[in-house]
Amino acid sequence: MNNTHLPILPSTGERGPEVCEIIRLYLAVWDDLSPLQREQVMGHVHSCQGCTEELRLLQQVTNLVATMETSSPSARVDAAIRAAIAARGMQQNVQASFKVRFPRFLSLAGALAAVALIVLVLLLVHPFGGSEKAFALPANLTWQPYVLYHTQTMKSSDGQTYQVISYHDMSDHHLKVETKMDDQVHIIVLQDEQKSLGLDMMHHVAQWNATSWSVDESMFNLAQLRHDLQTGHAVYQGKRQFQGQDVYDIGYPDGTILMLDMHYMPINVLSPAQSMKPVYTTLQWLSPTQVPASTWDMQIPADYHMGQLPARP
1 MNNTHLPILP STGERGPEVC EIIRLYLAVW DDLSPLQREQ VMGHVHSCQG
51 CTEELRLLQQ VTNLVATMET SSPSARVDAA IRAAIAARGM QQNVQASFKV
101 RFPRFLSLAG ALAAVALIVL VLLLVHPFGG SEKAFALPAN LTWQPYVLYH
151 TQTMKSSDGQ TYQVISYHDM SDHHLKVETK MDDQVHIIVL QDEQKSLGLD
201 MMHHVAQWNA TSWSVDESMF NLAQLRHDLQ TGHAVYQGKR QFQGQDVYDI
251 GYPDGTILML DMHYMPINVL SPAQSMKPVY TTLQWLSPTQ VPASTWDMQI
301 PADYHMGQLP ARP
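In this note's numbering, the protein residues as written are 1 to 313.
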């Protein structure tokens, strides 16, 4: 698409109604924007509640149109459209009699709005190509048959690095999190839906409800992801290449991006808190047969005593 007639994108940090109007023009032609333009647009959207809502509505309309069957308008709809066109023509004649001159930008915005209305009507009658660009999770998609394995390299408050290794059984939500820092820290947390057990492997100390040593797995909740996409809290932002494969980008209001592969399985997360670098060093979906049953054992070893685990690094 030749978008040279669009207004210049505002600089990062610019605010105001005029800025939002320009951003919304770019949202209307999202599929034709370059990766750099998309990044600039989303930089504003993530910090603007109004434009976030605009993007949510556009996404909902796209999904709605994509799921509609091809049909022809009824006689009543046809008559209503003709009446609206006639009324608009009369209004334009009245405005012309006053010879009101609008700025070029407003004329462009009005033209784009008119084109958008025409395209929407055409899509309702013959939804060409909508199903190809719309994004929706398959109804039969499930992550339950797998164990999610991921590793993270993190930094302590004093700048030391440590490793966090996690196993998450998606079928019953059992979780094992192992945290290691050289010869200083070695903590394991075992967790199910009712309780969690923390084990200090260096000092042989056990503690129930040691949730502070667990990890946040909310990004890997499929039911919540479906809900977020339906309500617009999460928004499909297009496809990209990540480590040699195509991925779908799912964006959240705080700037976090969940990346799904072409089978709709998460492969990593990009976080603004980490300069949009991958959160996980490794992320794999394992068969339960690849994980020993002892991984989920919540029995306290005989040589451990109850106590208090140290604070997180």
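Read the hints as simulated data drawn from the structure, not as lab findings. Careful: at least some of the hints might be erroneous.
Unchecked claim - In silico EDC-like cross-links for lysine to aspartate or glutamate, where the CA-CA straight-line distance does not exceed 16 Å:
#, residue 1, residue 2
1, K277, D249
2, K239, D261
3, K239, D254
4, K277, D32
5, K195, D172
6, K239, E54
7, K239, E39
8, K195, D31
9, K180, E193
10, K239, E14
11, K277, D254
12, K155, D172
As the list claims (entries may be wrong) - Beta-carbon label-pair distances, calculated as ranges:
#, residue 1, residue 2, range
13, S157, D31, 39 to 45 Å
14, I8, E193, 33 to 39 Å
15, E14, H204, 38 to 44 Å
16, Y264, D31, 44 to 50 Å
Glycine is no exception: its CB is placed at the ideal position from the N, C-alpha and C atoms.
- Query: Hint by hint, which ones does this structure get wrong, listed from lowest number up?
  - Reply: 3, 4, 6, 8, 9, 10, 12, 14, 15 and 16
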